[in-house]
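*Asks:* Make a model of the complete structure from these sequences and hints.
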Amino acid sequence: MRRWLLPAGLLGLLIGLWQVAASTGAIADAFSLESYLVPSPAEIASSLWENRDLLADNAWVTLREMLFGLLLALVVGIGSAILMQRWRVLRDAAYPLVVASQTIPILVIAPILVVWFGYGITPKIVIVALICFFPITVNALDGLRSVDPEAIKLMRSLDASRWQRFWWVEAPAALPSLFTGIKIAVVVAPIAAVFAEWAGSSAGLGHLIQSDGANFQVARQFATVVVLSAMALALIGLTALAERRVVTWR
Amino acid sequence: MRQDTRMKSDLGGSQTVVEPISSPLGALGDGISLQAVGHSYGDLRTIDSLDLQVEAHSVIGLVGPSGCGKSTLLELICGLREPTQGTIEVAGRAAAEDRLARCAFMPQRDLLLPWYSAIDNAALALRNQGMRRRPARAAAAALFDRFGLAGFEGARPAELSGGMRQRVAFLRTLIAGKPVLALDEPFAALDAITRAEMQEWLAAALRTDPRTVVLVTHDVEEALYLCDRVAVLSARPARTVAELSPPAPRAEDRDAAVTDPAFVAAREAALRALREGSR
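Chains as they are written, first to last, in the working numbering: chain H, 1 to 250; chain B, 1 to 279.
Quick caveat, the hints were computed from the structure, so don't treat them as lab data.
All clues stand as given, with none of them false.
From the structure, some residues in chain B lie toward chain H, with a derived Cβ separation under 10 Å: (1) G79; (2) L111; (3) L113; (4) A125; (5) R156; (6) P157; (7) R172; (8) K178.
Here the structure is a predicted model, which is why all the values come from computation and not from measurement.
We put the CB at the ideal spot given by N, CA and C, even for glycine.
*Replies:* Quick look at the structure:
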């Protein structure tokens with residue numbers, strides 16, 4: 001109870017302060033802004049309600065980009081972790097490159113991908129996957145390598161094939177670590193999707209924030225941020241729920 | 001697929017016939033023979049020239065100071081490692097994969113898989129050998145009753161006591177149906193009372209199910225109680241400094257056995273050899 005009440009109370013307090021500061025014009029005055037540029041929480045809430053259809057349509061676009069991107073990252077990430085675990089040479093060759101690839105800013109890659117794949121969903125999926133691939137791969141590989149070497153000897157002595165060793169020992173042992181990777185990926189996926197939309201798009205929450213900025217629709221921009229955060233929180237919650245269902249031995 | 005592990009009871013329930021688990025590879029000559037076996041990790045010589053003969057269905061104990069290469073020796077016998085010199089034969093076969101097929105290894109820590117229930121852990125070897133889940137569980141369940149684990153089939157390892165975990169781990173080794181059991185300090189992690197109970201329990205299990213057993217331990221009393229023969233090893237590089245024949249291996253009354261004057265004398269002799277070998 002306390003775990004929920006305290007942050008909720010703090011959030012309520014902050015929103016209340018914001019409401020007072022915005023509706024009295026204190027923030028706008030302090031920064032010499034027009035008051036419509038500093039919407040109060042109440043105005044954001046009404047914008048959220050008035051634009052619910054528009055926000056839902058764009059949220060659906062962004063959600064699909066995130067989910068497909070995460071799925072692609074999961075398949076490729078787990079796949080490469082398994083291959084790198086299986087073949088030491090591959091790990092020695094590829095792992096440093098995987099780490100080094102993280103130094104390439106995605107901001108630079110995104111416009112290139114738009115040139116290649118156009119304005120559709122494909123470049124967004126690729127960008128989300130590129131960003132989510134790293135935490136998933138690294139954590140999955142860590143998990144696979146966390147297996148006690150004694151356990152492998154034991155399994156050999158109990159006539160396990162390599163495949164059986166993988167399914168019964170290595171894969172379950174890697175699950176907690178894999179979930180850590182997925183949670184990190186889920187947190188960065190919305191950021192990646194918004195970046196991808198900024199590089200070139202005709203729909204999505206990132207696109208909406210960008211076009212609203214040009215039109216000084218600040219209340220709707222905030223409403224969009226609320227929707228994006230809610231989506232990210234829901235995904236994190238679902239991941240945590242899945243982890244509790246799957247990793248029952250911790 | 002193998003059919004084994006039966007605990008039959010007639011319908012009257014008055015009599016219970018316990019049949020040993022068959023070990024298909026081990027009809028005749030399940031002994032172990034080491035000839036001039038040596039092993040090194042790089043420059044580090046762990047085992048000197050070691051000779052050892054273990055008769056089929058006898059229990060040999062290997063005691064020695066910590067880090068003397070006892071565990072390495074066990075892995076060599078099991079085919080988990082190759083000696084750098086000499087030959088090891090298990091049931092007449094020298095190749096590592098043949099040894100691996102004939103030995104079941106029980107590591108120092110129980111290493112039960114936390115994501116499986118006790119019964120699925122015990123049945124692991126049967127599943128590895130291709131048996132389906134249901135018959136594998138049924139085979140293990142029969143042994144659960146016999147080994148005092150009835151009612152704990154579905155428990156996760158974390159829910160079991162130390163002694164129970166070791167029993168499940170031993171069951172997992174036994175159920176593999178191999179002629180040779182290689183036990184690496186199986187009770188080292190247990191408290192003194194539980195350890196004594198587990199020794200009695202293992203003695204009883206081996207009376208029903210005779211196997212060729214190599215028992216590595218640093219507990220001289222444990223070795224002398226459980227083994228037909230005890231080899232005392234020296235500090236690294238390991239060689240045999242003494243071989244002892246305990247007076248009453250696996251006697252039903254452990255307390256009487258370990259306080260018997262002959263046993264006490266054997267223990268003193270073993271400790272003396274151990275001290276000499278550690279120098």
